[in-house]
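Next come the chains, spelled out residue by residue.
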Amino acid sequence: MADKKIAAYICQGCGLGERLDTAQLAKIAKSEGKAAIAKQHEFLCNANGVQMIQNDIDNEGVTHVVLGACSRRAKTDAFNFQNIALMRANLREGVIWVRPDDEDNRETTQEMADDYIRMACAEAKFVDIPESSNEQGLNRTVMVVGGGVTGMTAALETAKAGYNAILVEKTGALGGMAAKLYKSIPQSAPYSTPADSGVADLIAQVNSNDRITVHLNATLNKTSGAPGRFAADIRIESGATFTEQFGAIIQASGFKPYDARKLPEFSFGKTPDVVDQLGLEALAQAANGAPIKRPSDGKEVKSVVFIQCAGQRSEKQGHLSYCSGHCCSTSIKQAMYFKQANPDTDAMVVYTDLRTPGAGGEDFYRNGQQQGITFTKGEARTVTINDGNLTVKFKDLILNEDVDMDTDLVVLATGMMPNSGVDIEATPAKLDENCKDCSNDEKSGAVAPVIQESVLNLDYRQGLDLPQLVTGFTDSHFICFPYETRRTGIYTAGPVRRPMDMLQAQDDACGAAMKAIQVIENSSKGLAAHPRVGDLSFPRFRKEGCTQCKRCTVECPFGAINEDEQGYPQFNESRCRRCGTCMGACPVRVISFANYSIDSVGQQIKAVDMPDEYSEKPRILVLACENDAYPALDMAGMNREQYSAFVRIIPVRCLGSVNTIWITDALNSGYDGIILMGCKKGDDYQCHFVKGSELAHIRMSKIDDTLTTLNLEPARVATYEVAITDMHRVPQLINDMAATVLRCGMSPFKF
Amino acid sequence: MTEVVATNQTILVVGGGISGMTAALEAAECGKQVILLEKNPSLGGRVSQLYKYFPKLCMPTCGMEINLRRIKANPNVRVLTLAEVTQVSGTTGNYQVKVKLSPRYVNSNCTACGACADAVTAEFPNEYNYGLNNRKGAYLPFFMAYPQRYVLDPKIIGTADADKAQAACHCGAIDLDMQTEEMDLQIGSIIWATGWQPFDADKIQPYGHDRFANVITSVEMERMMDPMGPTGGRLVRPSDGQEAKNVAFIQCAGSRDRNYLKHCSRICCMATLKQTTYLREQFGDAGRATVYYIDIRAIDRFENFYQKVMKDDNIKFIKSKVANVIENKENNNPILRGVNTEGYHRYADEYDLVVLAVGMQPSVDFKSLGIDIVVNDNGFIEQNPHNGGMFAAGCASDALDVNRAVQNATASSLRAIQVINQVAGAEG
Amino acid sequence: MAKKEYSFYPGCSSQKGASSSNYLKSANAMCDALEIKLNHIPDWNCCAASIGYAGGGKLPRISLSARNIALSEQAHPNQDIVATCAACWLATKEASERIDHDPQIKQEVVQVLDAANLKIKNNKPVRHMVEVLIEDFGYQALGKKVVKPLEGIKIAGYVGCQTNRPFGIAGESFENPLYLDKLVETMGAEPIKNYDKKVQCCGGALAFSEPEKSQAMIKDIITSAYDSDADMIVTPCPVCQMNVEVYQDQINKKYGTKFNMPVVYYSTLMSVAYGKSAKEAALDGQIIKAKQLEAIANK
Amino acid sequence: MSNTAKYRNDFLKEVEANVEEGEWVKMCMQCGVCAGSCPLGNAWEHTPQKIFMMIRAGKRDEVLSSDAMWMCTSCYNCIVRCPREVPITHIMHGLAHYAKRLGLVPANQPTAKFAQLFWNNLSKRGRINELTLGLGLYFMNGFVEGIKTSIKMQSLGLNMIKTGRMNVMEIFGGHSVKDTSGFHAMLQKAEEIEATRIK
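Each protein sequence line maps, in turn, to chains S, D, Y and X.
Numbering follows the numbering used here, in which position 398 of the first sequence is assigned residue number 398; successive positions increment by one, without gaps.
Numbering follows the numbering used here, in which position 295 of the second sequence is assigned residue number 295; successive positions increment by one, without gaps.
Numbering follows the numbering used here, in which position 149 of the third sequence is assigned residue number 149; successive positions increment by one, without gaps.
Numbering follows the numbering used here, in which position 75 of the fourth sequence is assigned residue number 75; successive positions increment by one, without gaps.
Please keep in mind that the hints were generated in silico from the structure rather than gathered at the bench.
No experiment lies behind these values; they were computed from the predicted model shown.
Treat the hints with caution; some may be incorrect.
[What the hints assert, rightly or not] Away from chain X, derived, C-beta distances all over 10 Å, residues of chain Y:
#1 Lys37
#2 Ala75
#3 Gln79
#4 Asn123
#5 Pro125
#6 Gln140
#7 Pro149
#8 Met261
#9 Gln292
[Stated by the list, open to error] List of simulated lysine-lysine pairs, DSSO-like, C-alpha gap at most 27 Å:
#10 S:Lys316 to D:Lys308
#11 S:Lys681 to D:Lys308
#12 Y:Lys254 to X:Lys152
#13 X:Lys152 to Y:Lys289
#14 X:Lys189 to Y:Lys124
#15 Y:Lys182 to Y:Lys299
#16 X:Lys13 to S:Lys302
#17 X:Lys13 to X:Lys199
#18 Y:Lys16 to Y:Lys4
#19 D:Lys203 to Y:Lys193
#20 Y:Lys37 to Y:Lys182
We treat Cβ as the ideally placed atom computed from N, Cα and C, and that holds for glycine.
Whole structure, please, built from the sequences with the hints as guidance.
In structure tokens form, the structure reads like this:
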């Protein structure tokens, strides 16, 4: 690319001109910042100001633009220049809006601005304009794992969008669980009666669709590659194996029913007349509209009791802690089987909370009552067998009395358990290390102790399958970005992601297909996936410097990095989310991005003008997550809250990208205090890169040694979890550190 | 005149809440041309008015920041605010859409410096805070507002305030001559992400929201908790500004009730469970909550959240639809009257504050708008082949929590792309 | 203005020498002032009120009202049925709706009426006198007729149950109906706006069979009126009027209260405000005298 | 007692067949708003919602011999607040009537007696004779009780008479419909049809 040419533009609008000596800022940009061009403008973001900059880019060959104006979050539509690197020195939200407008503070406020210009110029010197590596290919085929309703829907929706799908099903037939249903919960108004599941139709569509290739009795032997260039060895029944190439993966591996034999209190297994919901579906399929017969003696069922939440919503060992969501509606549907075959059949549902949410749900509940299904709020205790009949013992919570009720058939509404494969974060090795945790999980009933076999068999450094939540479902951001798993280009859909009914599973499949074709398009252009969508930068490493310590491969939250046989990292660019956690992890600092590196930040830290020990002008460095902490600081400015003029703030992609060298360098170059601001970590993590904040906290917990060797007070370095709404808190944190510094005194390391 | 180029390969997303933003972005990040319409002055929708999300208790603006950054970075999305669809004609892959653009009286020069707001005096009920406080006639709806541009309330146009605002602006951003514009768009596929509105609590007469100061709604409570909200993040009694430490929550306020909304709004149980944690967050051991419910509908992993809340001794659950609320005339305390159906305990419980967990109803009445789309009798759009190239996203399709709304919006995005790709295929 | 005519169903309690004969008297005075002509349904019968259910099943009770409707159709084909008594109005309106909604009942009712040589179309609205006042006249028009504003009298509007639920007056809330307050205001008196027992049940017919339970509720109704310092209570319902007025001394005995709160009908207030004499307004029918009204009436 | 009937629908079906609006009982979702809205709720043995649950639980005797439905003041609070629009007041009246028809009403249930007196009174002459109704009420628990009550009610009676709102002459007949024969024919026909409906 052309030689680097830096130009700095200082805005005088929004009061910057009155509050700051902009001429001095321009001077600094030129003299210290080595900017070839440094201009001031009374209103940089208006058409004329923007044109001025564009002209310099077009005619003067400017490659790096430094804007001394408002926050990088403001006026983005105006400052939208192509093919250049843009630095934003935040003089408005970050300087004049957080400082009092009076003479006493004029000097320190100006110093803030001076430094931000120095920092922006320093950054400019060390960033390049990222370009795609062209490492990845374009393959408009999606592999769908699982041939149930979710998988088939995903394949069909993908095909409908003009892409190809490979459907891999481990059994001998398509249809999955839905094929075992007599009828399904109605999916549209008036929600009054069980509906055809539509599975047969789906299967027919799949088989007749020439964009879809189906492999039955097939499993994934080995899955490798990255979005745009995945490859899988598929083993079929014969034992033969062949390889398929594809651009993205949808994991629709579905669920398995909870093993009702774990509920001896309900006599499951002791008599055929106690069934789970799938068992009842089998009976209904057999009866096919005629009155349902009782398995033990073939007599018509005159009375049936449905026990909700069997082995669910319970913290007993071996039970499921969560609610499977569909079971209330399913019981209503199944009770309708009986009522519609013979209205005189007594069908009763014993529940603690009847959960039929949404518009259709409540209609279905009401229609169930209309058809004569009775509902009893109660806690089922036991089911016992006496001379061929069943007695259900339950507590009626409304009449507040214990009841023994005789009935012909009992249906247990047991839960869904995800087929999410191997729990890679609870590998045997790990179990040995901290057995407490996993056994706690088991005690809490969060995970049922079942030996899983891998679904994807990923050839990834970090394990065979996707990371799981404590409940065993696949991990994702869940609320705002439900499809963002921790493996780029692999999207889960259906009950493997969260318990759900068929309607939701089909919606979910459609959404996953959306993400799959999207990642195919973007990866082919070298564009990053969520959340840094469109980012062209990617991690590179200096092999000669690498010590094969494997920290980058271990710590990457997205399993993007493999190791070659000598243990050197292999960055799979399109698996990478560009968070920089690897860069933060590297002890020898050989990992960098074109526009984000140890230097691009480190040099900003060094660029700050450091007053001497006796100046009474300490310097506090803030490394702030650009996703939450930095916006919070911005809004503090918008709210005109004030904080110390001694602070210098640098936004980082994620706290996970913070390399401890920045901290030690800062301390060595005389900073008096350092604050790291990241997102919430832990089970309810808010970090957009899942593990970044957590890793940063771990790394910083070890910084104390550095401090003691420098014999500085530990209080000088603090790491905080900050939320984007903390606009009142962040100034406080800064001012607290200013106070701490005052208490500890100035750092002796100012040279 | 606003210039917007659209073709029958353009996707129109109506509604700029979390569902609309998601639908628009997923398509745009797949290389499609998208127009995102929002009737309010800024994007964000209902979630931007929430303090926290369940079950993670994280901040809605956190995800919104990411989505806004995605929008800022993506040339494929064009955002039109203060925009409403007035008419739709045509068919799949070839819709003609009439759009009405209301004047903002502030142009793209605005730097959000706030000088205009400082200059004006007249105040109006703040719709962003459900009228719990006032805002100026020149205002930025909220700090995260995008476009980050001030708005002039039409009510000040022609008044002295309008001129004051214009005089105060150094950026030439205020244009008092802006007029309402009509716009015709050629569109391939339409995604209705028109969202929901809280059920009007005044209609639930037995609970006296219209008569008693200390009976508020769940959405009002969210605004109170927001550090930038009308009470600066303090949960207080509207009657006297005292801290509300002992709070009752009434579930199904309007929902599951044939006198009001016959459907279950799905989110209210979790919203209340979430809000009980606000009391502990704000008042520690002094915070107490009592939840009056019919069924607690905390499905899937939400159940774990419910279990956690149930372990808190300061939070009580009473299975009872409250019969009515009366007011203690001495201290304006609301008194809840009813029967605990588990064991028949008659109660008349007095609290500092009552929160009505109000239900969700669709924001748009598609029938009256004359849009030819299949709507169920709860007013939600049903998936139906008859809808052609029009799809619902989020709460236009059902009462959904954010997670499900985003899931549904992503799906709708693909459905729209399928239409566009077929059009493209046909056009070669 | 031409007289407005209605097919009037007076009901048992309004008959001469019956417990709410004073209601009918004042209603007549009020109607005279408003130029309303009430044409009594010939040979009307009891509606069974809300207490007839023990002896009378669904159909027998409905047929009672059906007979009245049929007689009204016969005598006044083009006039709405109007009742002053809450129970009469409710029973008749309920019967009319059930006949309308349930074809089987309709067919049975036809059979039953045939035994009394009557036919029914069931095509007339069944209205309460208050509806006539509000909907056919309106507060403004009602106000125009006031010649003696009831200045300085604080009046608690006790709506009670059956004029309010399940049908109620159009546009009014079941929990907080405002029409009595508006009427009071229209007559120049001062309504007790926050009277919080305005829809509290008085026990209805159970005042006879369960006196203790009913009088406990009546006590609250009166206490609340005193608390919001009302001078008197106004009501649209004969049962309410009787229960709240006549048991006051028994309640005083039982609870040691000193109740002496006049309870009048809206028609009493309006007759006085319209300049009718104390006699025409049936003030002599008050067991607890409404002295302020007498004073105004005798001015 | 045997469990077989428990929570089976036999009684529910009986109620649906024989009780006014009985087919609505199954629609109750046990929210309890009726129980909380009833002005005499505290006086009942069982509130409406509980009665509905008992019907589903098959507690026939307990329900039909309960005094609960006789406590209904017909205030209609339950009906207007019920989220399922269950006509609770009518069901209560219906249950009362059905219990009475089956002779299961608790002895000396005052409202049951009064309600019956009221019906007899009106069906005799087509219009209520308040005096005889009142006296009948006082004497419904026997002569001695009657005298006591009369004395207790004396001042009330006098007040009513003074204000012209009670007429002692009614003892000799009082108000009546003219077409008594038609009236009685009608009621008789209605009773007949009603009777055929009971299963």
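Here is how each hint holds up against the structure:
no. : hint                 : in the structure
1   : Lys37                : 23 Å, holds
2   : Ala75                : 13 Å, holds
3   : Gln79                : 21 Å, holds
4   : Asn123               : 20 Å, holds
5   : Pro125               : 20 Å, holds
6   : Gln140               : 29 Å, holds
7   : Pro149               : 27 Å, holds
8   : Met261               : 15 Å, holds
9   : Gln292               : 18 Å, holds
10  : S:Lys316 to D:Lys308 : 15 Å, holds
11  : S:Lys681 to D:Lys308 : 19 Å, holds
12  : Y:Lys254 to X:Lys152 : 12 Å, holds
13  : X:Lys152 to Y:Lys289 : 22 Å, holds
14  : X:Lys189 to Y:Lys124 : 25 Å, holds
15  : Y:Lys182 to Y:Lys299 : 24 Å, holds
16  : X:Lys13 to S:Lys302  : 15 Å, holds
17  : X:Lys13 to X:Lys199  : 11 Å, holds
18  : Y:Lys16 to Y:Lys4    : 25 Å, holds
19  : D:Lys203 to Y:Lys193 : 19 Å, holds
20  : Y:Lys37 to Y:Lys182  : 24 Å, holds
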